[in-house]
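Chain residues, written in single-letter form:
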Amino acid sequence: MYYIGIDVGSANTKAVLINENGAVAAYVIVPSGVGLLSAARRVLDEALARAGVDWDQVAAVVSTGYGREIVPNKTKAVTEITCHGRGAFALFPHTRTVIDIGGQDSKAIALSVTGAVAGFEMNDKCAAGTGRFLEVMARALEVGLDRMGPVALTSERPAVISSTCTVFAETEVVSLLAQGVAPSAIVAGLCNAVADRVHGLVARIGVRAEVTMTGGVSKNTAVVKAMERILGVSANVPEEPLIVGALGAALIARELGLKQAT
Amino acid sequence: MGGPRIPIKTTDTLHKLMFKHYVEAKMAGQSGQKVAWVTSGAPVELLRAAGIIPVYPENHAALCGAQRQGPHYCAVAEERGFSMDLCSYARTDLGCVFAGDSPIGGLPKPDLLLCCNNICGTVTKWYEELARQFGAPLVYIDTPFQHGDVDEHAIAYVHAQIEAAVQTIGEVAGVPFAPERLLETVRLSARATALWREVLEQCAHRPSPMTSFDAFAHMAPIVTLRGAQECIDYYEALLTEIKQRVKDGVAAVLEERYRLGWDNIPIWFKLGALAKRFAQHGACLVIATYTDAWAMQMSLDTPDGVLRELARVYTTVYINCGMRKRLSVLLGMVEKYSLDGIILHSNRSCKAYSLGQYDIARLLQEEHGVPCLIIEGDMNDSRAYAEEPVNNRIDAFMEQLARR
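Protein sequence lines, in the order shown, are assigned to chains E and F.
Letter by letter, the first sequence follows residues 924 to 1185 of our numbering.
Letter by letter, the second sequence follows residues 30 to 433 of our numbering.
Where hints are given, some of them may not hold.
[Said to hold, decoys possible] Pairs of lysine-lysine, PhoX-like flavour, derived with a Cα cap of 20 angstroms: (1) E:K1048 <-> F:K49; (2) F:K49 <-> F:K38; (3) F:K55 <-> F:K45; (4) F:K354 <-> F:K380; (5) F:K49 <-> E:K999.
I should point out that these hints are in silico values taken from the structure, not numbers from a laboratory.
Owing to the predicted nature of the structure, the values given are computational and were not obtained by experimental measurement.
In isolation and in its complexed conformation, chain E is listed as follows (with noise of 0.2 angstroms):
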């Protein structure tokens, strides 16, 4: 049998296909879009067709993320926060901190020495030091996404962000911009912004070693060094962190699966 987890985030929606022994068989990620339930269904149905799999072979489905509940066939909805514990814990067993950075919120969760959530904290009702913040600067600079990381880590000198707030920090940008500032100064200073917000979270939980990064802006390499720089010890960052948190939810699933066989 197989298990799925799906994860229906504000960027991205991603759904990870398990087998019985928790490996994985197949994995997809599709932007969101506003078809949350199409997106669904379609990262449902092509991680199925990728691994050659029928959907009568599919013991449990279990959903995460913002959309979680729009998900169709469900066996349950589970919070990405318990997810994105189960999935790093799974990539790394000794991870004791999960720093997750998606598009709208930002979180960090301590795991006791079991996995198990012993604590956590979430960005408030602001997206300053998440994905969305940098998407946003990475258009009023006119720098691809993905190139962010890469371009932060040429300056020497990174620019001083002071605003919090995501609409503020683009005024600053722009006149950073008009002052002459280098923009791999300013890409620099945005992505050091982001960490800083970002650990404010992680002090409240407490750092324990070893840290795992997740997410989407965790593939941001600027932000993962400013990150290890402030937090002072190195961090796990998975090969696709985006999906960690599809993965702790078909881990979820197989145990749910495997419950009921019992």
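Place chain F on chain E using the hints.
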């Protein structure tokens, strides 16, 4: 399944009682009675003993909030230049004053203002503004913050202010201070707070016969009517019903699996939705520091007299005390009510209540192993509330408890 949730019947009486309270206050002018506006933590017994009808802008603001009128009246105050960062009770109340209406047609004009800063510093400027608007005399009682053990100098200082307040109140009421009437009023007040305490204590039973969401509604009389006989009558009826629920095994939350505490003022405009959310997880909020704050113990035979006792009671309220006291109150609740966790509402409006919550939560979790969840909200201003993130946090917290 335990069948459908059985509502608390005394709620009908509650609505009638509160309606009567506001009607009587609004008719006071016709019967020649005086009206005072008073803060929720003020020694209201002084007013009742002098025959003055007290009304509570805070309770009135909560009423507006529960009817989802908070943002409307807040905006009226903001148009007058009051900052969005101010308490939403203050903005709601001042907005009602400026607009000249409210869901109950506004509060009756005050002949006197009684302000006690044991609940926050905001009330100082709020009541000064009311004094300017109405030209009414303002009696102000300053209760020094209690950082540690009760400071007897502070109690003496508050006692002296209460003695002075009694004179002003007597002048406004047109009757001299009558110690025996005050003693009788305090007796009624003490009886009511004791009954309220007993009502809350019924929730130590498993399953709990009542949730804190019920208690948030049923606390209105203890706030607004303590010192009056009808307040005692009300809580006697409520206590009888709640005790019967315990006897019959009536659960407030069907299939109660988790018992939670609540810290801070409720989110008035989301009471129903939050009650449902927690109930879906089998979680019952059984006690709140907010409802418990009116379960104060008043002693009648103190050698220093009743004014001194009022000074003591009102200076040592929960929110006027430091973190060590707050922590010990919460730990006492964990023990007494068998709590599985505590929800701390970080209330944007109420700085006095919210300050220190992160440290208290850390101490509870790290030193006492009590899981805590902090949610960001506001008691009245829905513009400062993000529903999805709050729901998400609650769901994640319940998953965390389920894994323990």
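Cross-check of the supplied hints:
no., hint, result
1, E:K1048 <-> F:K49, "40 angstroms, violated"
2, F:K49 <-> F:K38, "18 angstroms, holds"
3, F:K55 <-> F:K45, "15 angstroms, holds"
4, F:K354 <-> F:K380, "17 angstroms, holds"
5, F:K49 <-> E:K999, "49 angstroms, violated"
The structure does not agree with the numbered hints 1, 5 stated previously, though it agrees with the rest.
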